[in-house]
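For the sequence shown, our numbering gives the first residue as 1, with consecutive numbering after it.
Simulated from the structure, these hints should not be mistaken for laboratory data.
Careful: at least some of the hints might be erroneous.
[To be verified] Straight-line alpha carbon distances no greater than 30 angstroms define the calculated DSS-like cross-link-like pairs of lysine-lysine that follow: (1) 102 - 117; (2) 117 - 148; (3) 225 - 148; (4) 239 - 186; (5) 225 - 239.
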Amino acid sequence: MLYAICNPTAGHGRGKTVGNMVEKRLMEKGIPFHMVYTTHPGHAAQLAKEAQEQGAQTVLAIGGDGTAFETAQGLIHTDTALGIIPAGTGNDFIKTIGVPAKPLDALDHILSHGPQKTDVGLINDRMFLNEIGAGFDVAVLDYTQQVKRFARGILPYFYGVIRALFSFRAMDIKYTVDGGDEICQKAFVVGVANGGRIGGGILIAPDARVDDGMLDVIIVGDIKKRHLPSRLLGLMRGKILTFPETKFCRARSVSFSSEGMRLNIDGEVMNAQQAETKILPGALMIHR
Numbered sequence: 001m002l003y004a005i006c007n008p009t010a011g012h013g014r015g016k017t018v019g020n021m022v023e024k025r026l027m028e029k030g031i032p033f034h035m036v037y038t039t040h041p042g043h044a045a046q047l048a049k050e051a052q053e054q055g056a057q058t059v060l061a062i063g064g065d066g067t068a069f070e071t072a073q074g075l076i077h078t079d080t081a082l083g084i085i086p087a088g089t090g091n092d093f094i095k096t097i098g099v100p101a102k103p104l105d106a107l108d109h110i111l112s113h114g115p116q117k118t119d120v121g122l123i124n125d126r127m128f129l130n131e132i133g134a135g136f137d138v139a140v141l142d143y144t145q146q147v148k149r150f151a152r153g154i155l156p157y158f159y160g161v162i163r164a165l166f167s168f169r170a171m172d173i174k175y176t177v178d179g180g181d182e183i184c185q186k187a188f189v190v191g192v193a194n195g196g197r198i199g200g201g202i203l204i205a206p207d208a209r210v211d212d213g214m215l216d217v218i219i220v221g222d223i224k225k226r227h228l229p230s231r232l233l234g235l236m237r238g239k240i241l242t243f244p245e246t247k248f249c250r251a252r253s254v255s256f257s258s259e260g261m262r263l264n265i266d267g268e269v270m271n272a273q274q275a276e277t278k279i280l281p282g283a284l285m286i287h288r
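Please model the entire structure based on the sequences and the hints provided.
In structure tokens:
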């Protein structure tokens with residue numbers, strides 16, 4: 001049986017429209033399915049767990065990155081696969097796994113591509129699918145939320161990037177990679193990525209793969225004000241790894257801390273002065 005979990009409020013109400021489109025297409029194809037709708041934060045994880053326990057082979061997540069993340073929470077370490085139907089504003093994770101951006105094309109892709117083992121990240125015992133970030137990443141998200149109701153796609157994130165570039169100051173961090181020596185430095189960006197894109201398409205980890213058993217670690221040191229415009233252009237072009245301020249490596253685990261730190265975890269911001277991250281290779285089955 002195919003289950004579908006739809007967040008009707010995703011994409012400023014686009015989720016409901018996409019849910020209806022998916023329901024119609026499945027009926028046309030004569031594919032048995034069961035459609036349910038979320039009503040509150042965290043509901044998708046509960047519904048996905050219930051679907052898995054009832055024997056679902058695949059659970060469709062119809063919504064944005066948040067809906068996909070919640071649905072994945074209910075399916076991790078099981079044989080039930082996740083299929084992502086984009087209906088949000090950013091839809092970043094599908095860009096890494098190769099799922100089409102148009103909802104019905106995404107559905108056809110899922111129906112014609114079997115599930116594959118996919119890596120999942122862990123941050124302080126909490127799962128993440130795409131990327132966690134601290135510093136500039138969080139400032140961008142704060143500004144982005146201010147204008148998301150007025151625009152879609154990459155435009156709110158572009159606004160957030162511009163505002164953050166001229167207001168954010170580098171933070172003091174301590175970090176270790178794979179249990180190595182502790183390093184202290186000022187950092188503009190700290191990113192730990194399983195997927196490659198954030199902010200509606202910005203390429204934060206150009207070579208990230210979701211099946212290599214590794215996290216891509218990006219640490220951008222303090223950027224002088226006179227270099228901010230060129231770094232902004234480079235960021236939008238996916239050239240972050242070429243910045244002279246950037247340190248990059250791949251690791252199975254990363255720990256970092258900073259006083260008063262806030263983390264962006266797949267688009268959700270939380271307070272955490274200490275972050276302990278690691279990769280869980282092949283922990284989730286995803287149609288990709």
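Results of checking the hints against the structure:
no. : hint      : result
1   : 102 - 117 : holds (24 angstroms)
2   : 117 - 148 : violated (33 angstroms)
3   : 225 - 148 : holds (27 angstroms)
4   : 239 - 186 : holds (21 angstroms)
5   : 225 - 239 : holds (18 angstroms)
Checked against the numbered hints above, the structure breaks only hint 2 and satisfies the rest.
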